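Visitor: Now for the letters of each chain:
There are 4 protein chains.
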Amino acid sequence: MASDENVRVVLIGGSGYTGFEAIRYLVRHPNAELVGVFGPESELGPMEDFYPQLTKMCGLRQELFEAQKLAALRADLAMLCVPHKVAMSYVPALLEANLRVIDLSADYRLKDPAVYEQWYCPHTDPEHLSEAVYGLPEYYAEEIRAARLVANPGCYPTCAVLALAPIVKAGLIEPAGIVANAISGVSGAGRAPSAKTHFPERNENFEPYGVGSHRHMPEMEQVLTALTGRDVELLFQPHLCPMDRGMLCTIYATPTREATTQQLTETLQAAYADAPFVRVRTDVLPATKHVAYTNFCDVAARAAKGRVVLFSALDNLLKGASGQAVQNMNVMFGLDERAGLY
Amino acid sequence: MASDENVRVVLIGGSGYTGFEAIRYLVRHPNAELVGVFGPESELGPMEDFYPQLTKMCGLRQELFEAQKLAALRADLAMLCVPHKVAMSYVPALLEANLRVIDLSADYRLKDPAVYEQWYCPHTDPEHLSEAVYGLPEYYAEEIRAARLVANPGCYPTCAVLALAPIVKAGLIEPAGIVANAISGVSGAGRAPSAKTHFPERNENFEPYGVGSHRHMPEMEQVLTALTGRDVELLFQPHLCPMDRGMLCTIYATPTREATTQQLTETLQAAYADAPFVRVRTDVLPATKHVAYTNFCDVAARAAKGRVVLFSALDNLLKGASGQAVQNMNVMFGLDERAGLY
Amino acid sequence: MASDENVRVVLIGGSGYTGFEAIRYLVRHPNAELVGVFGPESELGPMEDFYPQLTKMCGLRQELFEAQKLAALRADLAMLCVPHKVAMSYVPALLEANLRVIDLSADYRLKDPAVYEQWYCPHTDPEHLSEAVYGLPEYYAEEIRAARLVANPGCYPTCAVLALAPIVKAGLIEPAGIVANAISGVSGAGRAPSAKTHFPERNENFEPYGVGSHRHMPEMEQVLTALTGRDVELLFQPHLCPMDRGMLCTIYATPTREATTQQLTETLQAAYADAPFVRVRTDVLPATKHVAYTNFCDVAARAAKGRVVLFSALDNLLKGASGQAVQNMNVMFGLDERAGLY
Amino acid sequence: MASDENVRVVLIGGSGYTGFEAIRYLVRHPNAELVGVFGPESELGPMEDFYPQLTKMCGLRQELFEAQKLAALRADLAMLCVPHKVAMSYVPALLEANLRVIDLSADYRLKDPAVYEQWYCPHTDPEHLSEAVYGLPEYYAEEIRAARLVANPGCYPTCAVLALAPIVKAGLIEPAGIVANAISGVSGAGRAPSAKTHFPERNENFEPYGVGSHRHMPEMEQVLTALTGRDVELLFQPHLCPMDRGMLCTIYATPTREATTQQLTETLQAAYADAPFVRVRTDVLPATKHVAYTNFCDVAARAAKGRVVLFSALDNLLKGASGQAVQNMNVMFGLDERAGLY
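Chains A, B, C and D, in that order, are what the protein sequence lines are.
Residue numbers for the first sequence, in my numbering: 133 to 474.
Residue numbers for the second sequence, in my numbering: 133 to 474.
Residue numbers for the third sequence, in my numbering: 133 to 474.
Residue numbers for the fourth sequence, in my numbering: 133 to 474.
Incorrect hints may have been included.
Remember, identical chains collapse to one label, so a pair may be satisfied in a single copy or spanning two.
Said to hold, decoys possible - Lysine-lysine pairs mimicking PhoX-like chemistry, simulated, CA-CA at most 25 Å apart: (1) K437 to K301; (2) K188 to K328; (3) K243 to K301; (4) K437 to K243; (5) K217 to K201; (6) K328 to K217; (7) K217 to K243.
Don't read these hints as lab results, they were simulated from the structure.
As the structure is a prediction and not an experimental result, all values here were calculated from the model.
Required output: the full structure, derived from the provided sequences and hints.
Guide: The structure is reproduced here in structure tokens:
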């Protein structure tokens with residue numbers, strides 16, 4: 133890519149919510165250009181047919197993917213906005229075609245294929261697993277800059293890890309016995325209708341799910357352990373909250389020694405002083421409305437009744453998915469990390 | 133039915149929203165007993181499996197319907213909470229078994245089978261069409277008391293007719309050229325998930341539908357014409373509103389002569405002085421929250437800029453469906469019209 | 133009260149949400165009669181002016197309270213739906229007038245006046261503190277039956293205690309180190325508008341508050357300690373959820389020994405087999421929609437990743453306030469515990 | 133302003149919703165710079181204290197307005213995000229200081245001061261009323277380009293006028309007897325808490341207000357009459373809808389002659405072929421979710437039952453206020469009309 137040129141991006145999977153949000157960012161990005169959108173045979177056609185929001189914003193059609201089309205598009209980067217299992221079916225061909233890849237699915241997040249297979253399904257591309265970089269730019273910017281393949285983190289792991297990592301790293305809490313209680317807006321469940329997401333069932337309803345069984349739990353443990361050098365063990369408990377957008381983690385941990393709210397807060401502030409998208413809150417607690425429709429993650433820490441309580445909020449589709457993907461793109465291509473995201 | 137006995141009710145179609153609401157009313161009704169629930173083969177089992185809300189409230193199972201089961205249940209009344217077309221497949225057998233019937237579907241609302249067939253589908257039980265009584269107790273109480281078969285009105289027609297009938301009848305507005313603008317909560321769309329009712333599509337979204345094509349339009353015209361002796365012609369335009377429950381009509385009409393807000397209001401007050409479930413509002417306008425989870429319909433009238441504007445609000449599942457069905461039952465069996473409904 | 137007569141109830145504080153809900157229950161209660169509503173000088177007038185929902189349901193006016201009016205009303209019971217501090221200003225006069233009292237405020241919940249004063253304000257009626265019975269009928273039915281003064285529990289304590297008490301009592305979890313993470317619908321904040329409850333700030337927003345400082349925390353600890361004979365210590369963390377009604381606690385505890393989900397569940401089932409308003413869930417987890425607009429509390433237990441996780445859901449205004457008050461009334465006056473509440 | 137420089141903007145009234153939205157647009161605008169924010173003495177301080185959303189986005193403080201501060205800021209433009217009456221108290225000083233002005237209040241929208249005073253209050257700056265240009269760029273771009281003072285339209289008028297103007301102009305409907313039924317999200321009520329906007333009163337509630345008395349009605353009539361040369365007379369009826377953002381008008385009119393949906397649609401398409409922010413819908417009807425958080429207005433037309441029905445949707449705070457203000461700024465300063473808005 134010549135320095136005066138835009139990053140040329142193809143997106144695979146334009147009909148789901150993360151694809152849609154990625155497209156919205158890309159069409160207004162000052163240094164990137166969306167040059168193609170690909171999808172499965174059953175979902176081809178003008179993007180505005182899938183999302184009337186895109187009329188007069190994006191004139192592209194979702195086309196059937198064929199690897200040989202990529203050369204003509206002179207694409208630099210592919211964003212994969214498809215479910216796990218589907219994503220890894222595309223990656224080898226994309227890398228082969230000399231594209232760099234940001235995968236928003238879970239396929240390259242878990243380093244150990246055995247762990248992946250325990251929580252997901254057989255891994256069909258173990259070859260590229262080891263080179264994949266975990267796309268959390270606050271911690272892996274250098275690796276992301278050099279990466280061919282970036283595994284964009286899960287929404288819940290992004291939220292929990294940004295709050296926990298500095299505190300665990302500083303040795304302020306026990307790395308085991310952590311509880312991550314979390315809530316998500318319903319867009320996190322994707323675009324396919326179901327009884328669980330039927331409006332009259334979901335509206336005015338708050339409900340736990342996935343007790344001890346959510347796939348983001350091993351991802352959190354792996355990443356926190358890798359980042360902190362401590363053997364992190366946590367229980368993650370998600371809940372569905374009757375709203376569109378937003379995620380909030382309330383994390384409970386045991387302090388290793390008497391830690392004050394001020395010490396905890398300063399630890400977070402030191403960690404994120406230069407992070408453009410993490411804001412450490414003091415008086416005001418994180419709230420989903422402060423981050424909805426943005427790429428920010430707000431974090432805060434409190435000492436209370438002998439425990440450490442951490443709060444973390446983000447937009448599950450943006451900093452939790454497509455916004456973070458664009459942030460990763462910015463890092464990969466040497467752009468201002470904030471380009472197109474403020 | 134001996135006068136000291138409860139009305140024994142069987143309900144057909146317990147898994148949808150109107151079935152559920154009817155069951156909630158019936159299990160706490162002081163003069164009725166729900167003795168059986170029937171459904172299709174694919175949906176049998178304990179009612180609490182369909183609706184966890186019913187645990188410790190209703191111990192019945194949804195059983196497969198067989199006409200010969202009715203005798204043993206000594207049922208007096210069947211409530212049909214199934215879709216149109218399905219309802220009329222049950223009615224002949226129920227009447228044959230000497231049950232009285234309240235049908236919550238559209239199958240017996242339109243008097244003219246040709247009109248029914250234009251808007252719905254071929255009518256398979258035209259024989260009982262003529263004897264069916266339109267179940268709007270504020271206007272047809274006497275006929276309902278004597279009826280074997282009651283056609284429970286549609287939600288939108290109940291809402292629009294209760295506001296319009298007295299005003300048209302009094303000759304205060306032109307019977308043609310009426311516009312009924314309406315909104316409904318999403319429970320009105322039923323319990324089957326779809327893209328239209330997927331929470332992230334529906335929440336924070338207000339949207340019109342069915343321009344000139346909603347099936348409740350001919351029902352409104354038929355009932356208003358029958359009730360007022362004038363040839364009522366109206367345009368009905370519904371919208372989906374992001375909430376569970378509630379319906380509100382805003383109706384625009386041309387006054388026949390200078391009519392004041394006071395005259396209009398007094399006309400409504402005279403019409404509903406003895407109606408236990410219609411409340412005429414003066415200072416406070418009808419709002420869906422005032423009627424949600426109740427069997428009330430609130431109405432109001434205003435003269436404004438040379439037009440007459442009427443407002444009407446009810447709970448689409450209660451006064452708009454299951455509550456009205458229970459009110460009809462009360463009338464049919466000589467009970468206090470309010471029994472079990474306040 | 134003669135056995136064939138209704139319980140005659142006066143309600144103090146009809147303009148707030150708990151007063152309104154109590155009135156709705158009382159006007160349709162088969163064995164009780166609301167004979168008077170009292171309020172402060174600034175809020176007198178027809179109840180329907182405060183709540184248009186009450187038109188044609190309750191014709192009473194909110195009158196200025198004067199103790200001498202009580203005799204003429206031949207009231208048996210006073211329900212206090214006023215804030216803490218205000219409630220204890222009424223109690224002595226009510227008891228003096230030979231009424232039994234159910235106080236929905238916090239004024240008589242904390243047994244130790246020093247604890248009350250630490251969390252609330254100076255106590256002006258310590259004399260009656262010791263005789264007040266904590267109105268959780270699942271545990272104190274016998275005492276409630278005989279009580280003159282019942283302290284109706286807080287919403288969060290009702291929710292947390294119903295899930296925790298049997299498990300702590302059975303010695304299945306450590307009594308210290310418990311975390312009670314909770315969410316509430318916004319009606320829990322009362323009827324006075326504020327920036328926090330302004331619709332555009334609250335809607336689509338999920339937010340923690342009161343870290344380590346919520347007044348319901350000492351109430352939970354006191355009640356659980358009293359009920360179980362163990363020294364219960366917990367951290368309570370509430371959150372505001374964008375919905376009207378409902379409360380859900382997700383409780384994390386350390387098992388004392390290997391306890392399975394089945395053992396935990398059976399412990400709950402044994403505790404609540406005869407409780408008409410507590411439902412133990414197995415396959416389906418508690419969800420606020422299952423209990424909204426009812427007096428039920430749904431509980432469930434799971435063993436997960438070496439912890440015990442408990443869930444508990446109720447309607448904050450009903451089982452969490454006015455419904456529980458009516459349940460207490462039923463117990464106090466020897467009525468069916470479910471009367472008027474199903 | 134040199135052609136290579138950004139437009140330098142001061143904003144007056146940063147603490148309300150329109151101020152906040154304008155700031156969000158301005159801080160990311162590629163050709164504009166927000167150089168100062170001014171407010172009343174009671175509301176000074178860092179913008180992030182008013183809106184935590186602005187942390188790491190806008191480091192400005194809201195300062196006390198003093199005209200002499202403007203020179204040092206070298207501001208080109210003032211945006212007034214204050215209520216009517218307050219706005220006109222600033223305008224003379226701003227014009228005097230050689231700034232161009234976009235006023236988001238109603239103070240300069242109504243051309244006839246007598247009409248203004250009938251609906252609002254005495255006009256204190258009639259001198260500048262005649263030079264003010266109505267800031268609807270789809271119709272007044274040329275005048276806006278040259279204007280010193282732009283009166284940014286009301287939200288409801290923008291919505292109704294964009295749908296109606298081409299159809300009235302083309303003579304397809306009668307200019308009198310139009311009904312504009314409209315709904316708005318609650319953010320339209322501003323940021324001050326009240327009983328009407330208290331979450332538990334507003335949520336799950338749909339309610340009409342302002343029958344025949346909303347101040348946007350004369351604005352609609354004035355603008356449509358001016359734009360079409362016909363004497364437009366309409367009844368405007370607004371409703372509050374339980375959602376944050378979005379506005380939808382459903383407009384009923386009498387056709388002058390048989391007009392088909394296709395003719396109506398083509399009339400709209402011809403009018404807005406080159407308008408970057410108006411989208412004419414055909415198969416899909418306008419819905420608030422399609423325009424929320426954007427500067428688009430979606431319109432559609434249908435012939436139904438002898439009437440013409442028009443639909444129009446926009447985001448009340450963006451195309452209905454702050455987005456339109458930025459669009460006006462773009463036009464005034466010769467920028468791409470879409471700059472910073474896509």
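Visitor: Each of the hints needs a verdict: does it hold here or not?
Guide: To see whether the hints hold, each was checked on the structure:
1. K437 to K301: Both ways: K437 and K301 sit 22 Å apart in one copy and 23 Å across, limit 25 Å.
2. K188 to K328: Classified as between: cross-chain Cα gap 23 Å, same-chain 33 Å, threshold 25 Å.
3. K243 to K301: within (21 Å within a copy, 43 Å between copies)
4. K437 to K243: between (37 Å within a copy, 22 Å between copies)
5. K217 to K201: So K217 and K201 pass the 25 Å test inside one copy only (22 Å; across, 51 Å).
6. K328 to K217: within (23 Å within a copy, 28 Å between copies)
7. K217 to K243: within (15 Å within a copy, 56 Å between copies)
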